[in-house]
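*Asks:* Listed below are the residues making up each chain.
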Amino acid sequence: DTEVTQTPKHLVMGMTNKKSLKCEQHMGHRAMYWYKQKAKKPPELMFVYSYEKLSINESVPSRFSPECPNSSLLNLHLHALQPEDSALYLCASSQGRGNNSPLHFGNGTRLTVT
Amino acid sequence: SQQGEEDPQALSIQEGENATMNCSYKTSINNLQWYRQNSGRGLVHLILIRSNEREKHSGRLRVTLDTSKKSSSLLITASRAADTASYFCATVLNTGFQKLVFGTGTRLLVSP
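Residue numbers (the numbering used here), protein chains in the order written: chain A, 190 to 303; chain B, 22 to 133.
Source of the hints: derived by calculation from the structure; they are not laboratory data.
Backbone N, C-alpha and C define an ideal beta-carbon position, used for all residues, glycine too.
Check the hints yourself; a few may be wrong.
Quick list of the computed label-pair ranges, beta carbon to beta carbon [stated by the list, open to error]:
(1) 87(B) x 209(A): 41 to 51 Å
(2) 102(B) x 216(A): 38 to 48 Å
(3) 48(B) x 241(A): 22 to 32 Å
(4) 268(A) x 85(B): 38 to 48 Å
Given the sequences, and given the hints that come with them, work out the whole structure.
*Replies:* Quick look at the structure:
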């Protein structure tokens with residue numbers, strides 16, 4: 190089990206649906222991340238929040254909308270997705286701004302867009 | 022792209038043998054990290070080596086870093102079936118934020 194909890198574990202949604210992915214950590218970490226991983230590929234960075242502020246957006250399409258309500262929670266709101274957005278979405282956290290703190294990952298949400 | 026390249030892409034060995042995975046990257050880094058991922062699960066951090074370090078050990082893991090060649094290697098000694106997983110190197114750029122970029126990964130299969 191990991192210390193980063195992601196819900197739901199699996200999600201199937203149509204292209205017109207609106208859904209949200211949730212991530213929670215209680216390690217006191219101040220940086221949180223969303224990664225997208227396609228099958229047999231490495232994770233690709235989407236967003237980084239540092240101290241609840243969006244620090245990095247890797248040119249992600251606006252149909253993905255991140256939100257960090259507080260230091261423990263990270264959401265990813267999904268709207269009008271495409272089938273090619275089907276992937277494993279991974280949340281991670283780390284201690285803070287420093288470059289030398291490892292990332293702690295959740296087990297991901299397996300998203301299928303139909 | 023900063024993304025690292027790993028080789029081999031896949032490695033199949035017997036229990037008890039050593040497994041070596043290599044990672045090459047393109048630009049200067051702050052540190053390099055290795056992660057493991059079991060199928061369909063999240064990644065687990067294994068080891069971090071800073072740019073001014075050349076070698077690091079953790080249990081059965083040995084990591085080397087050669088910044089002049091922009092390369093790193095991960096050695097798993099006396100492998101076990103439970104080591105079967107994908108292994109990724111990840112580089113951290115010299116920025117103020119933890120921007121971790123993953124390599125292409127090596128799929129390791131350890132047979133009993």
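*Asks:* Each hint needs a verdict: does it hold in this structure or not?
*Replies:* Hints, verified against the model:
Distance hint check: the CB atoms of residue 87(B) and residue 209(A) are about 44 Å apart, consistent with the given range 41 to 51 Å. At roughly 31 Å, the beta-carbon separation of residue 102(B) and residue 216(A) lies outside the given 38 to 48 Å, and the hint is violated. Restraint check, residue 48(B) to residue 241(A): a C-beta distance of roughly 29 Å satisfies the suggested window 22 to 32 Å. Take residue 268(A) and residue 85(B): their Cβ atoms lie about 46 Å apart, and the range 38 to 48 Å holds.
When the structure is compared with the earlier hints, a violation turns up for hint 2 alone.
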